[in-house]
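J.: For reference, the chains in residue letters:
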Amino acid sequence: MRLLVIEDDASVADFIVRGFREGGHTIDHADNGKDGLFLATTETYDALIVDRMLPGVDGLSITRTLRASDNNTPVLILSALGQVDDRVKGLQAGGDDYLVKPFAFSELVARIEALARRSTGKTETETTLSIADLHMDLLSREVTRNGQTIALQPRDFQLLEYLMRHQGKVVTRTMLLENVWDYHFDPQTNVIDVHISRLRAKVDKGFDQPLIHTVRGAGYKIDASG
Amino acid sequence: MRLADQLRTTTFLLTLRYMVLFFLSVTILFAFISWSATGYLEQETEAAITAEIIGLNEQFIENGSQGLARTIDRRIKTNPDGDAVYLIADANFKPLLGNLEQWPSMETDENGWVTFELVNTDSDNVSIRGRVFAPQPEFRLFIGRKINALTQLEKLFDRTLFWGLAITLALALTGGLLMSNNVLKRVSQFNSTSRRIMAGDLTQRIATTDSGDEFDELAHNLNAMMDQIESLMKNIQHISDNVAHDLRTPLTRLRNRLEDLNAEAGENENGEIDACIDDADSLLATFASLLSIARIESGSYESDLQPVNLSQATRDAYELYKALADEKAISFSCDAPGEVCVSGDKNLLFQAITNLLDNAIKYTPDNGHIEISLHQNGDIAILKVADSGSGIPADQRGQVLQRFYRLDQSRSEPGAGLGLSLVQAIAQRHGAKLELDDNAPGLIITMQLPIHNKTTQQAALADA
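One line per chain: the protein sequences are P and X, in this order.
The working numbering numbers the first residue of the first sequence as -17 and each following residue consecutively.
The working numbering numbers the first residue of the second sequence as 15 and each following residue consecutively.
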């Protein structure tokens, strides 16, 4: 992936840049809004990480400017705690995702990977999803594994669909709550884990190769390679 | 301002009380004036009659009964319209001479005075006061005076007293209403301002006038108090923001390092490091809850109030937590039909519902039951979560809403004691009432939220 981070806080920027480079990605850094906007419009990136409060041009203005000029590079907006964390405003400005500082690096990586993948536009036209011997027909809403039909509740179907759309990538619990249940909140218990284990019981039980994996400290992923 | 409210005000009641006192004073004063004035006139009349009797007695001694009769006759004729009344009668009370038609049927008082009323057919009745002078048994003389002036004066006093009191009553009522109106206006300013402050707007201050009266002084003092409270609140907020920034950031850094370490470490260390990451996560979650509560309570959580389909949110929360309840074989049912809408923040309201369900599932034993319901009652949406758990003793139901408060029996459970505090903060933010009751056995929590008003929403849409 080729990424751009626009962040004026040197330590946060450094931590993001180092993290992604270690993960084998190319990442550019701008420490003010003006330079950031220039880079974002002249270069091609898979995703942008933009701080909300920046000297010069702020994060929301950058996003709005990009969208106004038909640049649809996915944007993840970062916001410091203590500021008014209005996700809605960030998303209304054209942001694709929103993360409050401080954040776990695994959460940022998971979200950026989900965003960058979405931008390929491939998923829009897909009518079937597959991984190993697991197949999902998005039109008939049928799921089969090794030819056997698996009956799923609508929500379990959505959960599996989200995992399969991001196969090989880690998805965090918050991402699942936001995207599958469409609520942004902090559960007091790991209620998501129960849903995953229920889904696992239907998808993986009785098969040699487990597909749904727990990534400790981060979330889950569906992966054929284990 | 309703009239009933006004009639209950202290000012109005004080005015009324003062008015009663004033009534009594005026009545006593009038009675005294009336008594002394009429008494004086009565004495004058009596003195005149007594003097006349002395004079007539001398006449009688000098000229006998004939001479006395002549004098009387002359006196009547020289002043026919005067106030003097005379009548001479014989031993059988038969009138012989005088300007009175018949001998009055009289009852004398202890001093020999008699008062009677002369009935006139063509004009007002006439009161007469006088006494009898009887030098011989066969010669009786009644000497009297018409005392109309006196009775008229008495009537005048009565009338003046009646009207005076009536006017006093009217003036006192009007004055009382005006004064209490004035006071009520000031008091309602105090009330509306303090209500806005209680709703979370600490910048509100009570308006003062230039009069420098006691209300101004009270307003100044309350405003000064609010200044202090506001600066303290700002300090607290500042501290909590600092806590967030100063503790959450290094904690997150620690968590990120642990993750890095985990990636490099061998199988043996992974378990330990995972446990460390879990601990860091739970600390971070506690901070997040604490900060959410602080920000929601201080009103700085700037969220646009949108119509939220609370029935849908309730059903979603039920569906999300059903799996968790199934794990403990708890029978979990949901009764939230239709589309009950409230004004609010969808995510905060969902957070509140899930916190209630989290608690219910946590404290309900295996094979217990939980019920969630949402119904509309007039302008109120009633959300109920009832469980068959251990419940909360009545004396601790208020305390569990406080931050970090935990019941003794739940100390062994995971959690920081912030779940219900967050629900309480969210409820307050939405103008909702939160009630905890005994479900015998278990706990029943009721949240009453004001319904989203569709007409105002339509008006807003029309404006846009």
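Keep in mind that the hints were calculated from the coordinates and are not lab data.
Be aware that a few hints might be false.
As the list claims (entries may be wrong) - Dumping the calculated DSS-like pairs for lysine-lysine here, alpha-carbon to alpha-carbon at most 30 Å:
hint, chain 1, residue 1, chain 2, residue 2
1, X, K248, P, K71
2, P, K203, P, K184
3, P, K203, X, K376
4, P, K151, P, K184
5, P, K187, X, K376
6, X, K91, X, K108
7, X, K108, X, K160
8, P, K203, P, K187
9, P, K184, X, K342
10, X, K376, X, K447
11, P, K71, P, K184
12, P, K187, P, K151
13, X, K160, X, K199
14, P, K71, P, K16
15, X, K342, P, K187
16, X, K447, P, K203
17, X, K248, X, K91
18, X, K199, X, K91
19, X, K376, P, K184
20, P, K151, P, K203
J.: Assess, step by step, whether the Cα of K187 of chain P is no farther than 30 Å from the Cα of K376 of chain X, and give holds or violated.
T.: holds, 28 Å
J.: If you draw a straight line from the CA of K203 of chain P to the CA of K184 of chain P, is it 30 Å or shorter?
T.: The hint holds at about 16 Å.
J.: Going straight from one Cα to the other, do K376 of chain X and K447 of chain X come out at no more than 30 Å?
T.: holds, 23 Å
J.: Just to be careful, I want the Cα atoms of K184 of chain P and K342 of chain X compared with a cutoff of 30 Å; is the pair within it?
T.: holds, 19 Å
J.: Are the Cα positions of K151 of chain P and K184 of chain P separated by 30 Å at most?
T.: holds, 21 Å
J.: K160 of chain X and K199 of chain X were given as a pair; does the straight-line alpha-carbon distance stay at or below 30 Å?
T.: Violated, at about 60 Å.
J.: Are the Cα atoms of K342 of chain X and K187 of chain P separated by 30 Å or less?
T.: holds, 21 Å
J.: Would you mind confirming whether the straight-line C-alpha gap from K203 of chain P to K187 of chain P stays at or under 30 Å?
T.: holds, 17 Å
J.: Hey, K71 of chain P versus K16 of chain P, does the alpha-carbon distance stay inside 30 Å?
T.: holds, 21 Å
J.: Keeping to a limit of 30 Å between CA atoms, is the pair of K447 of chain X and K203 of chain P held or broken?
T.: Not OK: K447 of chain X and K203 of chain P at ~42 Å, beyond 30 Å, violated.
J.: Holds or violated: K376 of chain X and K184 of chain P, Cα atoms, limit 30 Å.
T.: The given pair, whose Cα atoms are some 26 Å apart, holds under the 30 Å limit.
J.: For the pair supplied as a hint, K108 of chain X and K160 of chain X, is the alpha-carbon distance within the 30 Å limit?
T.: holds, 22 Å
When the structure is compared with the earlier hints, violations turn up for hints 11, 13, 16, 17, 18 and for no others.
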